[in-house]
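A.B. asks: Residues per chain, in single letters:
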Amino acid sequence: MVVARYVGHLLCSFIHYLGDLCLLAVETIRGIFHGGVRPHLVLQQIYEIGFRSQLVVLITGGFTGAVFATQTYFQFHLLQMDTAVGPVVSVSMFRELGPVLCGLMVAGRVGAAMSAELGTMKVTEQIDALRALAVHPIDYLVVPRFLAMLISMPLLVAECIGMGIFAAYLLTTQVLGVSSAYYLHNMLYFTDGQDVAMGLIKGIVFGVLIVFVSCHQGLNAREGAVGVGRATTEAVVVGSLFILIVNFFLTMTLNIFFPAR
Amino acid sequence: MAEHPQLNEAIVVDNLVQSLGGQEILRGFSLKVYQGETLVLLGRSGGGKSVFLRHLIGLMAPLSGSICVAGQQIANLKERELAPVRRGMGILFQNGALFDSMNVEDNVAFPLRERGETDESIISKKVDDILQMVDLSGQQPKMPANLSGGMRKRVALARALVNEPRCMLYDEPTAGLDPIVADSIDILIRRLQRQLGVTSIVVTHDMKSTFTIADHVALLHQGRCYFYGTCDQLRASTDPIIRDFVEGRSHDTP
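Protein sequence lines, in the order shown, are assigned to chains W and X.
First residue of the first sequence: 107, per our numbering; consecutive thereafter.
First residue of the second sequence: 10, per our numbering; consecutive thereafter.
Just so you know, these hints were derived from the structure itself, not from any lab.
Where hints are given, some of them may not hold.
Claimed, not checked - Residues on chain W that point at chain X, a partial pick, calculated with CB under 10 Å:
1) Met-227
2) Thr-230
3) Thr-297
4) Asp-298
5) Arg-336
Note that the Cβ used here is the ideal one computed from N, Cα and C, for glycine as well.
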């Protein structure tokens with residue numbers, strides 16, 4: 107009975123939380139049309155979210171591609187399928203590894219920063235000051251982050267995937283001795299626009315999730331420094347979990363539209 | 010509460026009820042503020058004065074009761090519907106609430122830019138003028154972290170005043186300031202009232218400041234308006250609760 111009540115309470119809280127996120131999303135879309143877009147803030151956020159995340163994303167993509175290529179090569183080598191490493195790495199990077207790992211890194215780097223910044227503004231009454239000056243906090247704080255993420259995330263995912271494929275290519279052809287021509291031919295033969303579209307769509311969805319989860323945590327931060335710390339931690343944890351869970355459903359759905367060849 | 014039929018009511022609050030953390034803070038608080046006057050709201054710490062002030066600008070919604078600002082009911086308005094009401098008002102928060110990512114100039118210019126002013130020369134002129142008014146000329150490049158508490162409060166005051174609001178709300182404007190700066194803030198509040206006809210509501214514990222600036226005084230006690238009157242009526246009151254507050258007596262034994 108106690109367990110059932112606890113599970114019921116958790117479920118209600120989760121549905122309530124999802125409702126809050128949906129309301130934030132609706133208000134953000136409304137803000138784009140009613141509150142106006144502040145281009146200088148969008149540019150500033152593109153710099154923070156996109157430009158400054160590049161190094162992290164490139165390193166993540168590069169080493170993931172290299173490790174994945176190495177593991178794949180050692181397994182495929184036993185079956186004399188060395189040149190299949192290219193397409194396996196490429197399709198995996200496009201369909202799964204690129205968007206998911208990029209999403210997780212951005213959730214850690216950008217989500218935490220967003221949540222901490224908005225949380226600090228909340229507990230120091232800066233958000234109330236915005237409201238008192240007749241500026242809607244969602245228009246001023248969430249809309250620029252949302253638009254910047256929509257622009258930045260596909261580019262970051264593309265960089266992550268590109269770096270992963272390049273690192274895998276270099277390692278497989280220059281270190282492990284697989285023929286470059288066969289590697290590239292097989293990779294290009296088995297990778298197509300559908301894989302690219304899937305990667306980019308996932309990237310955009312994860313970016314939107316990161317923005318709404320982080321901004322929601324920040325805007326609802328309470329109890330001073332402890333509250334801001336908690337909001338930041340929860341933004342990263344919840345954002346990362348959402349990415350992994352949504353990725354599963356997104357994979358199932360997108361495979362209907364973009365089936366593997 | 011005394012009526013002033015010859016004056017227009019700028020703010021009418023009726024039977025305001027609010028609870029925080031399960032504790033009833035306001036228990037049917039009613040108050041009228043007339044156009045162009047300065048009303049000082051007194052009360053014990055934690056008594057709900059700041060909470061009341063936040064209701065007047067729509068930062069909090071009451072559990073029940075009505076708030077009428079410039080003839081418009083605001084208690085049930087949504088965030089976006091409150092914007093026109095807020096454009097006519099300004100609030101000075103207790104700790105200033107300056108935007109810590111902006112310097113003094115950008116903080117003060119913020120309301121101007123948000124209301125569509127794009128001419129930087131006009132913005133700069135207005136910022137210079139208002140900073141001069143609060144005695145902070147030349148502080149434009151400083152960040153809020155590099156300002157003293159008093160300076161921060163005066164920058165926040167400049168930010169609230171730069172758009173020339175019809176009604177100003179001050180949350181403890183002189184708390185934590187040295188007596189000279191506190192006096193200059195009092196003079197500024199008085200000057201705004203006389204020259205621009207700004208309606209002011211000042212939450213304070215500072216009795217000297219109260220007697221300097223107030224046209225009317227209200228005392229918030231146990232969630233209700235316990236006293237409303239002029240400074241002379243406050244001074245003349247023999248009510249023990251009012252006397253304790255005016256004279257700063259705690260009845261604790263040393």
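A.B. asks: Could you run down the list of hints and mark each one as holding or not?
C.D. replies: Consistency of the hints with the structure:
1. Look at Met-227 (chain W): its Cβ gets to within about 8 Å of chain X, closer than 10 Å, so that hint holds up.
2. The beta carbon of Thr-230 (chain W) comes within 7 Å of a beta carbon in chain X, closer than 10 Å, and the hint placing it at the interface holds.
3. This hint is violated: Thr-297 (chain W) has a C-beta 43 Å from the nearest C-beta of chain X, more than the 10 Å allowed.
4. Contact between Asp-298 (chain W) and chain X, as hinted, is not supported at the beta carbon level, the nearest pair being about 45 Å apart and thus beyond 10 Å.
5. Residue-level restraint check for Arg-336 (chain W) is violated (minimum Cβ-Cβ distance to chain X is 18 Å; threshold 10 Å).
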